[in-house]
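Undergrad: From first to last, the protein sequence lines are chains W and C.
So in the working numbering the end of the first sequence lands on 354, straight run, no missing numbers.
So in the working numbering the end of the second sequence lands on 1077, straight run, no missing numbers.
Everything labelled a hint here was simulated from the structure, so no lab data went into it.
Just so you know, not all the hints are guaranteed correct.
[Unchecked claim] The list that follows gives simulated cross-link-like pairs (lysine to any residue, SDA-like), each with its CA atoms no further than 20 Å apart: (1) W:42 to C:1002; (2) W:37 to C:1041; (3) C:1020 to C:1048; (4) W:282 to C:1044; (5) W:37 to C:1027; (6) W:233 to C:1068; (7) C:1072 to W:5; (8) W:157 to C:1033; (9) W:289 to C:1031; (10) W:37 to C:1018; (11) W:142 to W:5; (12) W:282 to C:1031; (13) W:320 to W:5; (14) W:233 to C:1041; (15) W:289 to C:1041; (16) W:37 to C:1034; (17) W:233 to C:1057; (18) W:233 to C:1044.
[What the hints assert, rightly or not] Pair ranges (Cβ atoms, derived): (19) W:7 to C:1054: 26 to 32 Å; (20) C:1010 to W:222: 43 to 49 Å; (21) C:1045 to W:26: 52 to 58 Å; (22) C:1048 to W:217: 35 to 41 Å.
Positions of the beta carbon are idealized from the N, C-alpha and C atoms, including for glycine.
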Amino acid sequence: MNLKFYNKSITGILTVLPAKEIKFEDEMENYNFSAAKSLKLKMAMGYNKHRIVEDGVTISDLCIHGLNHLFEKGFLKKEEIDALILVTQSPEYFMPPTSNVIQGKLGLKQDIICMDINQGCAGFEIGLFQAFMLLEQDEINKVVLLNADLLSQKVSKRDRNSNPLIGDAASVTIVKKSEKPNTIFANIKMDGTAFDALIIPAGGFKTPSSSKTAEMVEDAAGNFRSLDNLVMKGDDVFNFVQREVPPMIEQLLEKAKQTKEDVDYYMFHQPNKFMLNKLADKLEIPREKMPSNIVENFGNASGVSIPTAITFNLGEQLTKESSLICLAGFGVGLTWASILMRLEHLSFNEIINY
Amino acid sequence: MKQIVINILQEIRPEFDFTKDSNFIEGGMLDSFDIISLVTALDEQFGISIDGMDIIPDNFSTVDSIVSLLIKNGVQP
């Protein structure tokens, strides 16, 4: 599905990372493989270190920390927030929405729309779509998009398919009506027939958590996990990404009448370095235009990986300059989405620790 | 080219003999993460980038299938 949005802009991006950092080598002994093999994997996939929250920390802690930082620095005023969108797979409760919890804890006005969206790897794009649509309303002038996930708590420490790449993080993105006319091009597709390619099988209403779902079982590759843990069909996800993402980007650029060379940066979701590099090569995009350094430095925090790629790689640069950026998220759902938009003269574009 | 491929395979999984005529995938000699290590090594060795769409187990089941894959991705036979 091709989409167009008019006269909207992002005015600032903040990433909030847990201060606790774990190195790949520190967890290697958890995996059922030789050290030599694990180290080869580290090189190919870009595993190095990842950020993990301390026990008891929740997504509202990270989001509130980030929002308070923006209030204190004068980048955002509480009364300006007309909508609060939270994209997460780590809600604090099944009910109520965690965005309402955040609104209450921060004392935001009641004249506001709060909503949670259950999305992951394409969660930045889907959150932006929702923000752009809300901004069509006369009374909505500023939307705060929160992306947050703490999936380290749902990954088995003995699962080398998932544990080394998972990171925890949150981001705060301010979206508003643009002062100058612009067109934002986007597209999105979904395939729910492959819903179990990335899944936490138990814990919902279909299969409530129990002592049985908590039993650790060894898979064919030697990983140990339970039904309460995240499980990823790595091969299927890899093949899906290589098959679907390149044509999606080609179509996006064609609709926008832009060439690959016109785009300054390709900020893609980052499951691992290997997958990103293969995408860049397939699309014939120089690898330096598609940074793949988030997993190795912080881990993959699902929908937060794209805002983190922007804050980490383009930090101060985007507060002074203008860049045409192609965003693309792909994964859980399955969902794949992309956006072509200009980011320029952001009020802030930075990373803070929690 | 065949010998280079065997050498790389041997380096990735030294416990197996890749000169024998067996299916590396069905025989459990290569798993999906070995394939990633193998693709990385082949890309580097031959100065190519194997197409992501070609990274499926069937293309890594024998030395001959790997050689065919390399030729398809631009390596001169």
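Undergrad: Tell me, which hint numbers fail for this structure?
TA: 1, 3, 6, 7, 9, 12, 13, 14, 15, 18, 19, 20 and 21
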